[in-house]
Amino acid sequence: MSELVSAKDKHIVLPDGSIEKQTTTLNLGPTHPATHGVFQNILEMDGERVVSAKQTIGYIHRAYEKLSERRPLYQITPLTDRMNYCSSPINNMGWETTCEKLLKIKTPKRVDYLRVIIMELARIADHLICNSVVGVDAGAFTGFLYVMQYRELIYEIYESICGSRLTTNIGRIGGFERNFPNVAFEKLEKFLDEYPKALNELNSLLMRSRIFMERTIGAGPISAERALNYGFTGPNLRAAGVDYDVRVHSPYCSYEDFDFSVPVGTTGDCYDRYLVRDQEMWQSLSIIKQAYQKVQEFKGTEAEVYHADVPEYYLPKKEDVYTKMEALIWHFKIIMGEIEMPVGEVYHSVEGGNGELGFYLISDGGRTPYRLHYRRPCFIYYQAYEELVKGAMLSDAVIVMSSLNLIAGEMDS
Amino acid sequence: MALTNERIKEKLIEKFGEQVSNFEAPYGMLTFEVPKEMNLKVMQFLYDDEELKFQFLTTLCAVHYPDDKGRELAMVYHLHNLTDNIRIRFKAYLDINKPDIFTATKLYEAANWLERETYDFFGVNFIGHPNLVRILNVDEMDYFPLRKEYPLEDQTRKDKDDEMFGRGGSLGYGTVKASDDTTIAESEKDNVGDKLI
Chain A
26 MSELVSAKDK HIVLPDGSIE KQTTTLNLGP THPATHGVFQ NILEMDGERV VSAKQTIGYI
86 HRAYEKLSER RPLYQITPLT DRMNYCSSPI NNMGWETTCE KLLKIKTPKR VDYLRVIIME
146 LARIADHLIC NSVVGVDAGA FTGFLYVMQY RELIYEIYES ICGSRLTTNI GRIGGFERNF
206 PNVAFEKLEK FLDEYPKALN ELNSLLMRSR IFMERTIGAG PISAERALNY GFTGPNLRAA
266 GVDYDVRVHS PYCSYEDFDF SVPVGTTGDC YDRYLVRDQE MWQSLSIIKQ AYQKVQEFKG
326 TEAEVYHADV PEYYLPKKED VYTKMEALIW HFKIIMGEIE MPVGEVYHSV EGGNGELGFY
386 LISDGGRTPY RLHYRRPCFI YYQAYEELVK GAMLSDAVIV MSSLNLIAGE MDS
Chain B
173 MALTNERIKE KLIEKFGEQV SNFEAPYGML TFEVPKEMNL KVMQFLYDDE ELKFQFLTTL
233 CAVHYPDDKG RELAMVYHLH NLTDNIRIRF KAYLDINKPD IFTATKLYEA ANWLERETYD
293 FFGVNFIGHP NLVRILNVDE MDYFPLRKEY PLEDQTRKDK DDEMFGRGGS LGYGTVKASD
353 DTTIAESEKD NVGDKLI
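Residue numbers (the numbering used here), protein chains in the order written: chain A, 26 to 438; chain B, 173 to 369.
Chain B extracted, bound-state conformation (with noise of 0.2 Å):
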């Protein structure tokens, strides 16, 4: 019998009960959510299980919600099952402050260049990485380019001005290194409302 999304569930909540949580199935894909310290075993369980054999770990990426506080970071994990043919995906939310989650590169070897990615654009820490470096952008870069609050063009420039493109207009957002202590996203926060009022 041909796995389903139902079947995948069902053995989830046996093993995991409520710890695995928000199923929902947005175009057909099966997708839920762990809590950020079981992200391993989950993926161990689903690649070790002899019926679900989610052994080919298809990407995974990160999700930036600035507005969710205490789960800023979302960790994105696409797995297929290539006999089955069924992929899933499954999430795990992080707070910004604490960005940390065990590395999948134990399990999957494809894991280590897309950590680093992940860690590269938005400062995701991979415990237990075997090299845990920036790989597409500089090594002397500081702070993770693709969090929110990194408006896309050089705010230096004043004759763009074109809220709906983006360009941050007038209200000039700076960018902020994110060696400073307050959480980039909030301090950009505020920076903002004194120039409104």
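Extracted from the complex, chain A is given alone in its bound form (with noise of 0.2 Å):
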């Protein structure tokens, strides 16, 4: 209670003894509208304002650490999809480049640009779901629905490109199970046409507005010393003022061949997380115009490369399975756990939508690993919950839930 003297002495005092210094019990979620996913808040309030909150977490828990460890490789990539459903791919890909690493193949540098296009729209998608649902619950429905047609056509790209939109599962170790179709490039093109309208809209909507500011300003606020002991990762580490990209500080995919600047905030408060995550598209849409430049770049037949030479790990196509004896011991060879898998420990990490997604993975020469754990951001930034909601009102904790972009999915994993 202690900290809540200061905030009291702005308000009524009540006399020793009053029935209103009894605190109220109350439960947020875990399926309550604010809180965008399954998980519940034990709030302990007194009169609008929130004393402790204890977090309850695990409600869609499905062992993926269990599962993986009786998977060949390129089965756990669909349990990837689950964590972050709102940027996938970049899961994916995450898992991919881990086991490119584990078996040291080295992929083509068209293929790490297509990777670089579908991640960085995976992050604008992430990012933009996230940003419009802290307008959301600052009551501004509108730019959130407006906003959806382009989050819909980034899924048309993804669709195109693997078929599927929501759990993607796209790409392969190596690279990509085929090559891009015309229609995504067309796609692309309409997007990053049309989309920094949209962008500059919700931003007009949001950014300077009265109401949004007094909102989420000063709501939620972390230091960056408590923010980096807390293991905050992505753009609310970055909102609290610490320059940390893993594209930037441990490059994958060739990041190191784009000229991207690393947005920072100061206060780490709602409204810089926003402010970093707006700045984060902008950023991404830029990354993806050089990617897209560099990929029309390549010539003759290295513009027809999608996937690295990899006989081993790459499952070869359908037609030659049917008709090349090569191809068919290969496939065999793959879909009966026949090919040697080096012995060792490996950890990469990738930045996903809401931090450093890592995964740790140790072979010991079977078909499966021994033993994988994954690194969620949202599971470890989540603890520091209660430290950000204490002594705010109610309303601010709702804010504050949605703007740490909390995906019960990776939370749970």
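Hints are computed from structural coordinates only; laboratory data are not their basis.
It cannot be assumed that every hint is accurate.
[Stated by the list, open to error] PhoX-like cross-link-like pairs, simulated, lysine-lysine; straight-line CA separation at most 25 Å: (1) B:Lys241 to A:Lys91; (2) B:Lys320 to A:Lys91; (3) A:Lys415 to A:Lys134; (4) B:Lys270 to A:Lys91; (5) A:Lys212 to A:Lys314; (6) B:Lys278 to A:Lys415; (7) A:Lys91 to B:Lys263; (8) B:Lys263 to A:Lys126; (9) B:Lys278 to A:Lys79; (10) B:Lys183 to B:Lys263; (11) A:Lys131 to A:Lys314.
[Claimed, not checked] Computed beta-carbon distance windows for the label pairs: (12) A:Pro206 to B:Gln191: 43 to 53 Å; (13) A:Gly188 to B:Glu186: 49 to 59 Å; (14) A:Thr50 to B:Lys278: 21 to 31 Å; (15) A:Thr50 to B:Gln191: 28 to 38 Å; (16) A:Thr192 to B:Lys187: 43 to 53 Å.
Built from N, CA and C at the ideal position, the CB exists for glycine as well.
Put the two chains together into one complex; each comes in its own frame, and the hints tell you how they fit.
Given below as structure tokens:
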């Protein structure tokens, strides 16, 4: 209660023994429209102020770490989809690059650039939903519905490449299962052309809106030291002023070939998180443009490359399996688990929508990982929630939750 | 001068002598082993030292090696020095009958839930942890599911018999409660042996 003294001083002072001094327990969740996912918060409330918050998670725990111990590498990709389902291609490619690191596969540049395009599209989709949902929780529903059509366009691009939209299972170890069709590039051009206008419109609705600013500025702030201590990564850490970005610190998929900046905030509150995500979307757009240009520069046979030449791990084309002996042998070996797996342990991480998404893979030479641990950024930074909302109003507690971009699938693995 | 793996190794040996051992660098990440009583001391040194500054806990997890008697559980810590951008990993091996280790929550708040998760799935007992209860599984659960003796699928099913996909098949591993006296790994092994004979 001592934390509340300063807050209370500003309000009505109740006499000792007043019945109104008692606190109330409030269950926020597990299924509540304001929680954006299946997780529960048991808030201890003093009037409208939060005294303490106890988070309960695990409602959609699906034992991915256990499941991964019984699956060959290529069958783990669809599990990763279901972690951060707002940006599943990043998870997929994070896992594929982990495997490639273990297997020492070098992917061709064109594959890297195509992956960068898809991952940055996924980042935009992720941040777009998060930012517009912060708007919803501040009372502006329109923006959320308006930008949905651009997420839809991103999903159509995924669909033209891999056939699915939300849980994408995009790509394979070594590259993609097929080359990008022309329609994917047409849609990408349409997106690059139309999306900046829509993003500007969303920003003109929220960024300088007095209501939105008053709701978010100073809500759920965190200092850089506390954020680092709590293991924050991604936009939430950068909003607190630390310029840590996995794409810059340990580049994967040729991110070192691109020119982009890492936006940072200062106070780590909801408004800074909003601004950082917004600036990251502009950076992502710039990266996509650069990558698309690099992809167009490939000529001749190079322009047809969409996977690394690794027959041991990359399934051959189906028509080749029916007509060519060698392809049939490789197909059989991969499916039946006859491939020699290297023994070793590897940690690899990518910059996911929420921060550093890491994979710690131990291989004992068997067909499945001996152990696979996922570092899920959401799970780690959600611990700080109580500290962020202590002493705040109930409505702030809701907006802090959405601006942290908590994804239940990622948290519960 | 940027920090290198060699320099970290040098500093650690200078401070702890032979207690830190098994240095290697798989895929470029410096990996070493510390005795289980030393985990917090080593972490504190890595955190406080002005040159090392490993002040960011990337992740921690456990691994179960049932065949390695007396050191069945490995705690694996991944630390990151954000200033010099270098990562390290260190391990501490525990006896599954007495899986006690010091908590890292005093140094890193991030360790709180990660340790609860590790307790939840492996039963590692973190000494000094403020709230060591299950986090992802139900509170009533009385075993630690990520240990190797628990097969993936429901063993009462007779319609699936596929050794290759880890379904146990005809061997039919049962679930033994963690409260049993003998270690789970050993009692499971006996069961399997009986049935094979």
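A quick look at each hint next to the structure:
1. B:Lys241 to A:Lys91: holds, 22 Å
2. B:Lys320 to A:Lys91: holds, 9 Å
3. A:Lys415 to A:Lys134: violated, 48 Å
4. B:Lys270 to A:Lys91: Holds, at about 23 Å.
5. A:Lys212 to A:Lys314: Between A:Lys212 and A:Lys314 the Cα gap is close to 13 Å, so the pair holds against 25 Å.
6. B:Lys278 to A:Lys415: Answer holds: B:Lys278 to A:Lys415 is near 21 Å, not above 25 Å.
7. A:Lys91 to B:Lys263: This hinted pair holds, its Cα atoms lying about 21 Å apart.
8. B:Lys263 to A:Lys126: holds, 21 Å
9. B:Lys278 to A:Lys79: Distance ~20 Å between B:Lys278 and A:Lys79 Cα, so the pair holds.
10. B:Lys183 to B:Lys263: holds, 17 Å
11. A:Lys131 to A:Lys314: Within the cut-off at roughly 24 Å; holds.
12. A:Pro206 to B:Gln191: 43 to 53 Å: Once the Cβ atoms are compared, 59 Å apart, the range 43 to 53 Å for B:Gln191 and A:Pro206 is violated.
13. A:Gly188 to B:Glu186: 49 to 59 Å: holds, 57 Å
14. A:Thr50 to B:Lys278: 21 to 31 Å: holds, 30 Å
15. A:Thr50 to B:Gln191: 28 to 38 Å: About 48 Å separates the Cβ atoms of A:Thr50 and B:Gln191, which means 28 to 38 Å is violated.
16. A:Thr192 to B:Lys187: 43 to 53 Å: Hint holds: Cβ distance 48 Å, inside 43 to 53 Å.
Consistency note: the structure conflicts with the earlier hints numbered 3, 12 and 15.
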